[in-house]
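One line per chain: the protein sequences are A and V, in this order.
Going by our numbering, the first residue of the first sequence is number 1, and it counts up by one from there.
Going by our numbering, the first residue of the second sequence is number 1, and it counts up by one from there.
None of these hints come from the bench; they were simulated from the model.
Here a beta-carbon is modelled for each residue, glycine too, at the ideal position from N, C-alpha and C.
Don't take every hint at face value.
[To be verified] Only pairs whose alpha carbons sit at most 35 Å apart, straight line, appear in this in silico DSBU-like list of lysine-lysine:
{"id": "1", "chain 1": "A", "residue 1": "Lys-21", "chain 2": "A", "residue 2": "Lys-146"}
{"id": "2", "chain 1": "A", "residue 1": "Lys-51", "chain 2": "V", "residue 2": "Lys-46"}
{"id": "3", "chain 1": "A", "residue 1": "Lys-291", "chain 2": "A", "residue 2": "Lys-409"}
{"id": "4", "chain 1": "A", "residue 1": "Lys-124", "chain 2": "V", "residue 2": "Lys-14"}
{"id": "5", "chain 1": "A", "residue 1": "Lys-6", "chain 2": "V", "residue 2": "Lys-56"}
{"id": "6", "chain 1": "V", "residue 1": "Lys-37", "chain 2": "A", "residue 2": "Lys-249"}
{"id": "7", "chain 1": "V", "residue 1": "Lys-46", "chain 2": "A", "residue 2": "Lys-356"}
{"id": "8", "chain 1": "V", "residue 1": "Lys-37", "chain 2": "A", "residue 2": "Lys-124"}
{"id": "9", "chain 1": "A", "residue 1": "Lys-409", "chain 2": "A", "residue 2": "Lys-277"}
{"id": "10", "chain 1": "V", "residue 1": "Lys-37", "chain 2": "A", "residue 2": "Lys-253"}
{"id": "11", "chain 1": "A", "residue 1": "Lys-51", "chain 2": "V", "residue 2": "Lys-14"}
{"id": "12", "chain 1": "V", "residue 1": "Lys-46", "chain 2": "A", "residue 2": "Lys-398"}
{"id": "13", "chain 1": "V", "residue 1": "Lys-77", "chain 2": "A", "residue 2": "Lys-6"}
{"id": "14", "chain 1": "A", "residue 1": "Lys-4", "chain 2": "V", "residue 2": "Lys-37"}
{"id": "15", "chain 1": "V", "residue 1": "Lys-37", "chain 2": "A", "residue 2": "Lys-21"}
{"id": "16", "chain 1": "V", "residue 1": "Lys-37", "chain 2": "A", "residue 2": "Lys-356"}
{"id": "17", "chain 1": "A", "residue 1": "Lys-15", "chain 2": "V", "residue 2": "Lys-14"}
{"id": "18", "chain 1": "V", "residue 1": "Lys-46", "chain 2": "A", "residue 2": "Lys-291"}
{"id": "19", "chain 1": "A", "residue 1": "Lys-9", "chain 2": "A", "residue 2": "Lys-249"}
{"id": "20", "chain 1": "A", "residue 1": "Lys-249", "chain 2": "V", "residue 2": "Lys-47"}
{"id": "21", "chain 1": "A", "residue 1": "Lys-277", "chain 2": "V", "residue 2": "Lys-46"}
{"id": "22", "chain 1": "V", "residue 1": "Lys-77", "chain 2": "A", "residue 2": "Lys-4"}
{"id": "23", "chain 1": "A", "residue 1": "Lys-291", "chain 2": "V", "residue 2": "Lys-37"}
[As the list claims (entries may be wrong)] Pairwise CB distance ranges, derived in the manner of DEER restraints:
{"id": "24", "chain 1": "V", "residue 1": "Pro-51", "chain 2": "A", "residue 2": "Arg-260", "range": "18 to 28 Å"}
{"id": "25", "chain 1": "V", "residue 1": "Tyr-21", "chain 2": "A", "residue 2": "Tyr-157", "range": "25 to 35 Å"}
{"id": "26", "chain 1": "A", "residue 1": "Asp-60", "chain 2": "V", "residue 2": "Thr-5", "range": "40 to 50 Å"}
{"id": "27", "chain 1": "V", "residue 1": "Glu-83", "chain 2": "A", "residue 2": "Tyr-157", "range": "15 to 25 Å"}
{"id": "28", "chain 1": "A", "residue 1": "Asp-158", "chain 2": "V", "residue 2": "Glu-83", "range": "35 to 45 Å"}
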Amino acid sequence: MTEKIKALKCRECGKTYSPGKQAICEECFGPLDVVYNYEALELNRGSFRGKGRTLWRYMDLLPIEDPINVVELNAGWTPLHQSRRLAGLLGLSRLYVKNDSVNPTGSFKDRPATVAVSKALELKINAVGCPSTGNLAAATAAHAAKANLPCYVLMPYDVEPVKVAQAAAYGARIISIRGTYDDANRLAAQLSERYGWAFVNMDLRPYYVEGSKTLAFEVCEQLDWDPPDHVIVPMASGALLCAVHRGFKELAKIGLIPERTVKVTGVQPEGCAPIVKAYRSNQTHITPLDKPSTIAKSLAIGEPGDGIYANRSMRESGGTAVSVSDEEIVDGIRLLASKEGIFTEPAGGVTIAALKRLLESNAVSRDERVVCYVTGNGLKTIEALESSLLRPHVVEPKLEALETVLEVKAQCQQSP
Amino acid sequence: MSTVTIVLPSILSKATGGQRYIRVSASTLGDTLDQIKSLYGETLSKKLFEPTGEPKQLLSFYINGRNARLLGFLEAKLDDGDEIVVIPSVSGG
């Protein structure tokens, strides 16, 4: 039987490698991508009918050779909501929200984690880990628990407490770094060098990022294989945006969707927007940011590893890059919750805030079919909203007290 | 001149005969890289530098844990005992 993966290929110089635990080209340090034996694939739209309602329905396009290695917590196949109230409010004809906050651990990170931990089993790696801004920690730890692998997590000290507690509950060994995510990332790279450990988002990165491309696959299938015109994606390292772009291109390559470009737009918070800055100034490199400062902590990466590639994807697809303020992010969270019943963390609020901006500047036209990716659950970051929500009234347990607060007075029915 | 240590990623160690921890005398990051160039010649040079002579964009350089690109990069001043760590920058997130 033909193996599914043909090779790992350098995105920069094209050199190929056999598929193992390797993420970087030895010649030029470019990132390696998985190349599949597409010619051996026999897929059509009907191939997915009746498959499981998880991202593993796309097993043929994911980098695991033997299904026995799949570590399954039912990540993926999350709802795509047609958001009519929000669309009406913003003056858009068709808006969809891909609600990835309902994944097993509450964020899209379950997608890359399920693939990377499965690959760790396939490559017979005996421990996994990650540097994380919080969501990946929980996702990796949960899948490692299921796979019975030890898990090591490095997180900046100011990650939301719920995210630390969640990863700890799954049994991960957590080290809190007195520094930024970028410090955690650097230290993870040094640990990996010194001890040969497998950090899923570094050492298994070619496989890891493949999990996120299913966000493009699902949107297309949920829209009956008629891809959207424009998608809006939050950016931290830029890896998610690249994966989504790659997902649309891959479906077109194998003939499952028409050869029509989906515009991919990326968003960062103003307090951490190195990719957007490079995009705006047309730079081919990213100037790192020393101290990110934003309520969107899951997007607070000052040295985004995939930044230059995210910029290439946005340009190639005809999308754009935009940054939004913390106030706009909070407004975005409240708008999505109050109009559509979806409660997201700040990383999801950025996409709604960005859509508002893009409509105002005509970078998104009102007749486009738009998808906003909402990548994490609001319950993980309630502190982001604490200062902006009205506190509930506290009243004595008496009906009159309630009526006074609610400013209502019922007409008492008196029997004759 | 200060005595500093540069730590190379294992992916570069083929070009240095297996050496990853290299001690040199230098006053800036630029000096340090020049020293490394003259110690290990063309093979390592090609790996570390673009054809324009600039250090490769896909490599990150950290001086005592801080990104050198935030410290003046090649002009960044070094003190005795400083450690420069070189890491391929495609990672994380």
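Each hint tested on the structure:
no.: 1; hint: Lys-21(A) x Lys-146(A); in the structure: holds, 21 Å
no.: 2; hint: Lys-51(A) x Lys-46(V); in the structure: violated, 49 Å
no.: 3; hint: Lys-291(A) x Lys-409(A); in the structure: violated, 54 Å
no.: 4; hint: Lys-124(A) x Lys-14(V); in the structure: holds, 26 Å
no.: 5; hint: Lys-6(A) x Lys-56(V); in the structure: holds, 29 Å
no.: 6; hint: Lys-37(V) x Lys-249(A); in the structure: violated, 41 Å
no.: 7; hint: Lys-46(V) x Lys-356(A); in the structure: violated, 47 Å
no.: 8; hint: Lys-37(V) x Lys-124(A); in the structure: violated, 38 Å
no.: 9; hint: Lys-409(A) x Lys-277(A); in the structure: violated, 56 Å
no.: 10; hint: Lys-37(V) x Lys-253(A); in the structure: violated, 44 Å
no.: 11; hint: Lys-51(A) x Lys-14(V); in the structure: violated, 47 Å
no.: 12; hint: Lys-46(V) x Lys-398(A); in the structure: violated, 80 Å
no.: 13; hint: Lys-77(V) x Lys-6(A); in the structure: violated, 46 Å
no.: 14; hint: Lys-4(A) x Lys-37(V); in the structure: violated, 42 Å
no.: 15; hint: Lys-37(V) x Lys-21(A); in the structure: holds, 30 Å
no.: 16; hint: Lys-37(V) x Lys-356(A); in the structure: violated, 51 Å
no.: 17; hint: Lys-15(A) x Lys-14(V); in the structure: holds, 17 Å
no.: 18; hint: Lys-46(V) x Lys-291(A); in the structure: holds, 32 Å
no.: 19; hint: Lys-9(A) x Lys-249(A); in the structure: holds, 17 Å
no.: 20; hint: Lys-249(A) x Lys-47(V); in the structure: holds, 32 Å
no.: 21; hint: Lys-277(A) x Lys-46(V); in the structure: holds, 30 Å
no.: 22; hint: Lys-77(V) x Lys-4(A); in the structure: violated, 50 Å
no.: 23; hint: Lys-291(A) x Lys-37(V); in the structure: holds, 32 Å
no.: 24; hint: Pro-51(V) x Arg-260(A): 18 to 28 Å; in the structure: violated, 38 Å
no.: 25; hint: Tyr-21(V) x Tyr-157(A): 25 to 35 Å; in the structure: holds, 29 Å
no.: 26; hint: Asp-60(A) x Thr-5(V): 40 to 50 Å; in the structure: holds, 48 Å
no.: 27; hint: Glu-83(V) x Tyr-157(A): 15 to 25 Å; in the structure: holds, 23 Å
no.: 28; hint: Asp-158(A) x Glu-83(V): 35 to 45 Å; in the structure: violated, 26 Å
Checked against the numbered hints given earlier, the structure breaks hints 2, 3, 6, 7, 8, 9, 10, 11, 12, 13, 14, 16, 22, 24, 28 and satisfies all the rest.
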